[in-house]
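> Here's the letter readout for the chains.
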Amino acid sequence: MSAERKIEAAGETRLPSRLTPVFRVLDWVTSFAYRVSALILLAITALYCMEIALRYFFLSPTLWTRDTITYFLCATLLLAAPQVARDNTHVAINIFVEMMPQRIKGRMETILALLTGLISGGVAWITAQDTIRLFDSNILTLTTIAVPKWWISIFIPIGFALVALQFLSLALDPTRMGHDKRQV
Amino acid sequence: MEWYWALTLALGVLLALMAVGLPVFAAFLVANVGGVLLVMGPRGFGLFSNSIYETVTSETFVTIPLFILMGEILFRSGSVEVLSNALDKLIGRMRGRLYFLVIALSTVFSALSGSAVAVAAMLGRSLLPQMTSKGYDKGLSNFTILGGASLAPIIPPSLLVIVIGSLVNNVSIAGLLIAGLIPGILMSSLIGLYVVARVRMQADLAPATEVGTQYSAKEKCLALAGTLPFGIVIFFVMGLIILGVATPSEAAASGVLGAAVTAVIYRRFSLKLIWDSLRSAVGISAMIMLIVASSKLFGQLLSFVGATAGLIDYVGGLSIDPWMMLVVLMLVPLILCMFIDQFAFLLLAIPLYEPIIRTYGFDPMWFWTLFLINLTIGSITPPFGYTLFALKGAAQDTTLNEIYRSAWPAVVIFVIGLGLLAVFPSLVTALPSLL
Amino acid sequence: PAPVEAAELRMLSGFSPNFVWYREIGPRFIEMVQEKSGGDTTISFTGPDAVPTFEQFQPVQAGVFDLLFTHPAYHSGTTSVGLAIDAIDVDPVKRRDVGIIDYIDQHYMQRGMKLISAPSTGTKGFRYYLREPIDGVPGLNGRIIRGTVSYHPMIKALGGSPLNMPVSEIYTALQRGTVDGAAWGLTGAKDLKWNEIIKYMADPVFGQVGVMIFMNLDSWNALDEKTQNILLEAGREIEVEAQSHFDKLQADEFEWLSANGMEVTSFDPSEGNEFERLWAEGVWEVAAEVSGDDARKLRELAKSHGMTR
Ligand code: NA
Ligand code: NA
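Residue numbers (the numbering used here), protein chains in the order written: chain A, 2 to 185; chain B, 10 to 444; chain C, -9 to 299.
What the hints contain is simulated information worked out from the structure, not anything from laboratory work. It is possible that part of the hints are untrue.
[Said to hold, decoys possible] One-sided excerpt, in silico: chain A residues whose CB lies under 7 Å from chain B:
id : residue
1  : V85
2  : F97
3  : V98
Beta carbons: idealized from backbone N, C-alpha and C, even for Gly.
Just chain A, same shape as in the assembly (with noise of 0.2 Å):
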């Protein structure tokens, strides 16, 4: 569809060009922040390939690989998250959306949106709480090599603030919304 019908669909008119520049350096941090995962997935896999040459070749498995893998998965998913929906990919049962006519299907897309910018922006607010008490009482993970759970758990709310900025964008303006749901 273009971006013309998308509005026309939408019932909305183009929107003020001063949300034009917030909008490009969000696109610019959520597309480093996706480069950076697609590195750290490239790490785990080196770690990996690593250890068990290490351990089967050289019989000495490593103490810090399995955890450093598991802080990694956390940071490659969070940080690539907000590309997903920056993309629009983020799975969603669209059936009933579909039915709609074109006015209705727009405004809806646009309410689903904010409400998914909104519990994201949430879950960001109650997970940062959460790891500010980690920072502050200073707890270190159950891993092998205990290291403050905060340098990982930061994480979680740094991608649900940047998704739920990615929903809201989208909501405000829908010529970023694409169409295409990527699919499992």
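For this one, chain A is given, so just place chains B and C with the ligands on it according to the hints.
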């Protein structure tokens, strides 16, 4: 509140949120944050945060991005053509041969890819146009693709197995992965038999002019040799697990390495290929894992309010025949997955199903494999199913309605296969018991 | 608000209800409290299906639950003073008389939790359960061994690599070979059905192990003195009961495991003789790493009464 009201309310709200089109992860978040506020107030937020943290730092789930990455690299490294050409030669002269090529290709690809969507899209783009232009029946072509793609989550490696296995206690993920092998081959054979029967009964389903060339034994051997690198990948993944050398996550990492080596052998390797694969893999993983992480607390909340215990007592008190119970447990996903996402369903169902399985003394390996196949069927039951949509996305000149029509025979065949596995449990449990 | 006389308390447990460490202590404690209060104070149970074992300290601290039944190593990231008790001799009466329990209680109260009881699951604590027999020195060379942080220094000293994981995951990990063994108490392997998947229990046994029952401090303060005393009394009595009760259970379990496919494999005496020292020093090392002076003071206290190394 009585447990059954709590359960009904929780499930109702959640399903309603999903049905109106809220992203699945957001629906779970709304239900969970709402649930926490309702039953324990803001002091329960720590519990909520922890449930996300636990999921995204769980070693089991590292397998997911790695399996996806492996598939991405293989898909981008020309493996489709190599495999397709080799299998084409092996099949040789045969009436309706492209149907069988699709089935063979999807069976082999299922051992390389963990997701039905990826295989459906790949077949829809690569083989479907050929089939259409050569005069193969559209409906039967779509059928073989839908059926073939559905083997991917059943034959290891499988993303669904990782998610199921990590949520179910005391079942070995390695065992659960391997348990899918025989069922996968069984399903593949059933699909093949159906095609044979259809083509026998109705000759115009297969173009008479398109019977292919007969290749010599030497050519066949050469073609087979050309596919050896895939053997490396399969060995790196399943071989290392079976030999007990690596955990599923480690095996997935070595599978990625194997896939990269394959790309090198086929001279497709480039940094761009790896980079694109990495980007794609983290995106898909984030999409799946955000749902898993957001849903984690849901089961805990049901347990907290006593809904799980209530349901167990209730089901335990029923004097239903175990076979009847099995049918009920299998019908629920079959019907619900017509309309909802199978990941969402499994995340909902596992905490409720698990204690019932224990009460009835079902063999967990057997039951969860049936459950896995059932969810796979859910992905091809109209109107909502990812495999259906993936094929629609890849096959431009086919309508969704046509795809729906070809899906039903596939559904029926898988249900028959499911019945066979239910009656002959050793088809499922024999291989994992060798581990 | 005025102190409450009757209370319905909600207890969160790190163990499932049928697991021996809970089964032989939890219900008995609940029963005692109920009896002593004439039925005014009741306790309900919530298991690890509602909150994962390693994540339970915070929700009780936050007041979502009133009581916590756990092993202190399961919250070692928050404080390690509790787990240090596993390096202190099991003598329930002496532990209280010389102020060990009081000291730990004070420490936890600063973190919003009240220590109600610290029952030991027997006079002796642990052993290693292994997939393969011991051969040579160091005995755990190249093996990955499941253990909470308390064991980590000892496992490393024996040449192994420690890996922490919740109870519920150990069976699968042993089966798959994700770990080559597990450090565990002298009861529980039977309930966990380890005899189905591994064959070896290693001698010698070492250390001591106990569970702890904590209460959210606000919930505690809301109770009237009579109810508080009832809980403390029940806590003290269960400590004394548990020791002898578990000594018997340990012997029964050893016999049962031996009759059901498990055999003993022994560490070389050069290592085995060092077990008590390795264990105690390891535990104190871990405790001091997280909790610094608070742990060191506890060690001094216990040492001055000859209850630890
Ligand atoms: Na597969
Ligand atoms: Na469906």
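> State for each hint whether it applies.
Here's how the hints hold up against the structure:
1. A least Cβ separation of about 5 Å between A/V85 and chain B falls short of the 7 Å threshold, and the interface hint therefore holds.
2. Here the hint on A/F97 is kept, as its CB sits about 6 Å from the closest CB of chain B, short of 7 Å.
3. With a least beta-carbon distance of about 4 Å to chain B, the hint placing A/V98 at the interface is held under the 7 Å criterion.
In this structure, every one of the numbered hints holds.
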